[in-house]
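Asker: Sequence lines, in order, name chains D and G.
If you're matching positions, the first sequence starts at 1 in the working numbering and goes up one per residue.
If you're matching positions, the second sequence starts at 1 in the working numbering and goes up one per residue.
Among these hints, one or two may not hold up.
Covered stretches of chain G (chain D as the covering partner; in silico rule of three or more C-beta atoms under 8 Å from a C-beta of chain D) [as the list claims (entries may be wrong)]: (1) 44 to 56; (2) 86 to 99; (3) 137 to 149; (4) 158 to 170; (5) 184 to 190; (6) 268 to 275.
Sample of chain D residues lacking proximity to chain G, with all beta carbon distances greater than 12 Å (derived) [unchecked claim]: (7) V7; (8) E14; (9) D119; (10) L128; (11) G131; (12) T139; (13) N143; (14) T184; (15) G240; (16) A254; (17) T286; (18) D304; (19) A307; (20) A311; (21) T322.
Please keep in mind that the hints were generated in silico from the structure rather than gathered at the bench.
The model shown is predicted, which means the values in this text are computed figures rather than measured ones.
Backbone N, C-alpha and C define an ideal beta-carbon position, used for all residues, glycine too.
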Amino acid sequence: MTTAAAVRPASIEEAAAAIADLAVVRPAGAGSRAEWGGSDPAGAVTVHTGGLDRIVAHNPGDFTAIVQAGVPLADLQRHLAREGQWLALDPPDRGGTVGGLVATADSGPARHRYGGVRDLVIGITAVLGDGAVARSGGTVIKNVAGYDLGKLFAGSYGTLGLVAQVAVRLHPLPAGTATVVATTDDPAALTAAVLAMSRHPLEALSLDVLWRAGEGRLLVRFGGVTAAARAEAATRLLTGVDVTVVRDDESIWAAQRAAQRGAAVVKVSALPTDLPAVLAAAGPATVVSRAALGVSWLSFPAGDDLATRVAAARTALAPRPTVVLDGARLVEQPWPAPDPGMLALMRRVKERFDPTATFRPGAYVGGI
Amino acid sequence: MDGHELVERLRRVVGDRWLLLDAHDLRTYESDGLLQYQQVPRLAVLPGTGDEVRECVAACAQAGVPWVARGAGSGLSGGALPVKDGVLIVLSRLNRILEVDLDNGRVCVEPGVTNAAVSTAVAPDFFYPPDPSSQIVCTIGGNVAENSGGAHCFKYGFTTNYVTGLEVVLPDGAVVTIGGKELDPPGYDLLGAFVGSEGTLGVATKIWLRVVPVPEATRTLVAFFDSTRQAGEAVSAIVQAGIVPGAIEMMDATTIRATEEMAHAGYPVGRGAALLVELDGAEAECDAQFAQVTDICAAEGSDDVRVSRDEAERALFWKTRKAAFPAMGRISPNYFVQDGVVPRTTLPDVLVRIDELAAEYGLTVANVFHAGDGNLHPLVCFDAAVEGQAARAEELAGRILDVCLEAGGSITGEHGVGVDKRKHMAKMFGEDDLAAFQRLRCAFDPEGRANPGKVMPTPRLCGEVPGVYRQHPLEAAGLAERF
Ligand SMILES: Cc1cc2nc3c(=O)[nH]c(=O)nc-3n(C[C@H](O)[C@H](O)[C@H](O)COP(=O)(O)OP(=O)(O)OC[C@H]3O[C@@H](n4cnc5c(N)ncnc54)[C@H](O)[C@@H]3O)c2cc1C
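Kindly generate the complete structure, drawing on both the sequences and the hints.
Answerer: So this is what it looks like as structure tokens:
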């Protein structure tokens with residue numbers, strides 16, 4: 001991709017001044033999800049957030065932090081870990097920034113317990129097309145003053161404005177972990193295992209499925225001082241699958257996160273009980289599922305007929321909405337067709353926040 | 001459409017019985033839970049289906065008449081206060097539970113279903129965590145509008161974390177379904193924008209909620225301290241130890257005295273603070289952490305830690321806590337309930353500051369709050385019969401919010417802005433921030449008909465979008481394409 005130009009503001013004020021002068025803007029972090037969303041118009045100027053690189057505050061006693069968009073997530077986590085804390089978001093890490101994470105609402109296995117970006121952002125500062133710097137929320141974990149624009153900007157793919165800074169809620173790092181691993185090649189048995197687990201008050205950190213080449217694994221991770229004992233106890237809920245408990249489980253989860261990326265990745269919104277249908281639709285793809293949430297990622301390896309395989313899977317998953325993340329350039333439209341009423345409303349939101357169509361025009365759902 | 005036509009049209013929609021025109025009938029709806037604001041609407045309708053709601057809203061849109069949605073009217077910020085020449089849309093008849101799907105952890109309800117009824121519908125294995133103290137009466141529609149919280153929100157989150165879908169009647173009468181049973185609908189997170197919007201973006205007519213399994217074990221204790229500062233330090237120490245209690249509630253000396261007179265739980269009147277701590281979760285983890293909490297309370301200066309021995313005693317602890325508001329009526333003829341938030345670590349200092357202010361105003365302020373998330377509910381006591389005292393109490397309640405803001409907090413943690421806190425909005429948000437809020441409002445309600453005069457500090461008009469999707473210069477030049 002070639003861009004006409006790029007700017008790299010060193011402060012929010014500089015970003016605002018730059019954006020006010022630009023006709024078409026494409027915000028960018030580390031470029032780890034550069035391909036996601038639709039394509040940008042040829043004249044778009046990239047606004048890099050790399051200069052917005054400050055961890056503005058970390059209040060360990062309040063379990064909150066204020067961080068600028070360009071800070072790499074890994075750097076933030078290292079900083080917070082010194083106090084035994086973390087921002088409970090663990091997407092596959094390719095060096096991505098906090099801003100990119102917020103803009104795409106990407107997530108990892110920890111979402112099962114802690115929720116997604118929308119649930120952990122407690123305040124946001126955004127730069128709008130006219131250079132206005134708007135804040136919503138605050139820096140406290142409970143707050144209902146004003147509209148919650150943090151959620152509106154989470155997952156907006158840079159189409160409403162530049163996410164410049166966020167305040168986030170933090171959590172304690174778990175004292176210890178252990179993972180139940182259940183294996184089966186029967187989708188029905190796998191789904192039964194998922195439902196048996198999700199209907200119990202396990203307070204698991206993560207509850208994921210991995211399906212690859214006709215073989216499936218249910219992974220349930222426990223945290224806390226009693227993690228191993230609880231994992232052992234949870235195995236008793238499972239029948240018809242092979243079960244083990246793994247105490248040294250870091251590598252299992254690193255692999256699970258990595259499997260969420262590929263030459264092409266299709267994300268699908270479904271229900272937990274849809275798991276067999278999702279697995280059937282996947283064909284040769286690897287499936288990573290946040291199984292109790294019903295959200296899955298189909299990851300395809302590289303190959304000649306990639307576009308065809310992606311299209312076949314999307315057809316098989318219909319009418320469930322699918323988004324093509326990695327490999328978006330392979331398809332004509334990475335987004336699903338929205339309901340007309342919702343499209344009209346989303347368009348009105350776009351028009352109010354970005355009346356000059358400055359931010360990534362055409363790159364979002366429904367051509368917004 | 002003139003006024004008479006609107007009335008007749010609404011009559012055809014809801015039927016004679018559910019159209020209220022009579023001043024006496026309408027007086028029932030002149031206030032919400034915040035009684036100092038009163039306004040009788042021009043008329044009220046009680047539609048019985050989502051479709052009737054749509055027709056009512058559409059009729060108002062055509063007549064150019066503003067409207068206000070109302071659930072149970074338990075709100076504490078004047079959010080459901082009617083507008084003078086407007087229509088009040090009362091949703092209490094939409095009280096059906098439409099679907100319970102426990103395999104997928106979802107329920108679908110109409111907006112007039114009460115908060116408590118949702119948990120009842122999924123009992124005994126599941127529950128709906130956001131639990132406002134008003135849960136027996138307040139409606140899910142009201143909870144969605146206010147993003148309500150409750151005692152268990154520190155661990156479990158707020159309404160917004162549990163809504164997965166909404167059917168909404170927009171102010172122009174169009175119906176949209178935002179999200180649904182599934183998570184992550186592609187597109188803008190309009191669920192996140194709608195929840196907490198205080199009835200200013202539309203009427204929710206159907207709501208999908210996430211419900212979760214009832215925890216395996218619950219352990220509850222009450223620890224007494226000499227001062228709120230000590231109790232505050234204990235809260236910090238517990239959270240700092242990595243423990244996330246289901247609830248941590250604090251009451252100060254005045255509240256202990258008032259509630260004890262009402263609930264008779266045997267609380268030591270005269271002690272400086274009571275801390276109610278509840279842990280829930282997996283049995284083993286719960287037990288391990290409970291021992292830790294008990295030790296922390298002792299280490300922070302509590303010589304009186306009472307562990308509930310059975311469900312009856314646990315219920316008594318909670319009854320005492322939940323009696324705090326009504327009990328205040330026994331020690332003071334009148335009181336204002338304030339709702340502010342501070343970063344938890346500032347609690348001890350903020351409480352001292354509130355005491356100083358109370359002394360300066362010569363009024364009593366009782367403190368009861370959700371300590372885990374720093375959400376204060378100072379009860380400002382006064383006697384309305386004493387000339388000028390109500391006004392002084394109101395001023396003091398406002399000064400307390402200033403203290404919250406100075407500490408880095410918020411003017412409301414769960415009761416919302418409504419009419420009551422509009423005047424404080426500009427202290428918390430700047431002009432660009434408020435303008436951004438207005439952008440959202442205008443996207444949903446360009447004519448400003450939905451609950452006008454709430455949330456925003458000053459009424460604003462939307463104006464035209466400067467060129468609705470006009471061609472971008474680059475597009476015109478053939479340099480860019482939109483699709
Ligand atoms: C004793 C007492 C204790 C309380 N404790 C708590 C507590 O612990 N936590 C807490 O958060 N709150 C608490 N509250 C406040 C109140 O109960 C909540 O704000 C509740 O959510 C209001 O629900 P409601 O049905 O009474 O709504 P109403 O008061 O009728 O309306 C509130 C707002 O919601 C809007 N609205 C109502 N229905 C809809 C709909 N279907 N679509 C769109 N907008 C709608 C109204 O226009 C209004 O702006 C308490 C109140 C009382 C009286």
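Asker: Each hint should be assessed against the structure and marked as holding or not.
Answerer: Do the hints match the structure? See the list:
1. 44 to 56: violated (count 0)
2. 86 to 99: violated (count 0)
3. 137 to 149: This one holds; 3 residues, not fewer than the three required, reach chain D with a Cβ under 8 Å.
4. 158 to 170: holds (count 4)
5. 184 to 190: holds (count 7)
6. 268 to 275: violated (count 0)
7. V7: D:V7 is indeed farther than 12 Å from all Cβ atoms of chain G, at 17 Å.
8. E14: holds (16 Å)
9. D119: violated (5 Å)
10. L128: violated (7 Å)
11. G131: violated (9 Å)
12. T139: At roughly 6 Å from the nearest Cβ of chain G, D:T139 sits no farther out than 12 Å, so the non-interface label is violated.
13. N143: violated (4 Å)
14. T184: Nearest chain G Cβ is 19 Å from D:T184, so the label holds.
15. G240: Non-interface label stands for D:G240: nearest chain G Cβ at 17 Å, farther than 12 Å.
16. A254: holds (23 Å)
17. T286: Fine: 19 Å to the nearest Cβ keeps D:T286 off the interface.
18. D304: Given that every Cβ of chain G is farther than 12 Å from that of D:D304, nearest at about 27 Å, it holds.
19. A307: holds (19 Å)
20. A311: holds (17 Å)
21. T322: violated (8 Å)
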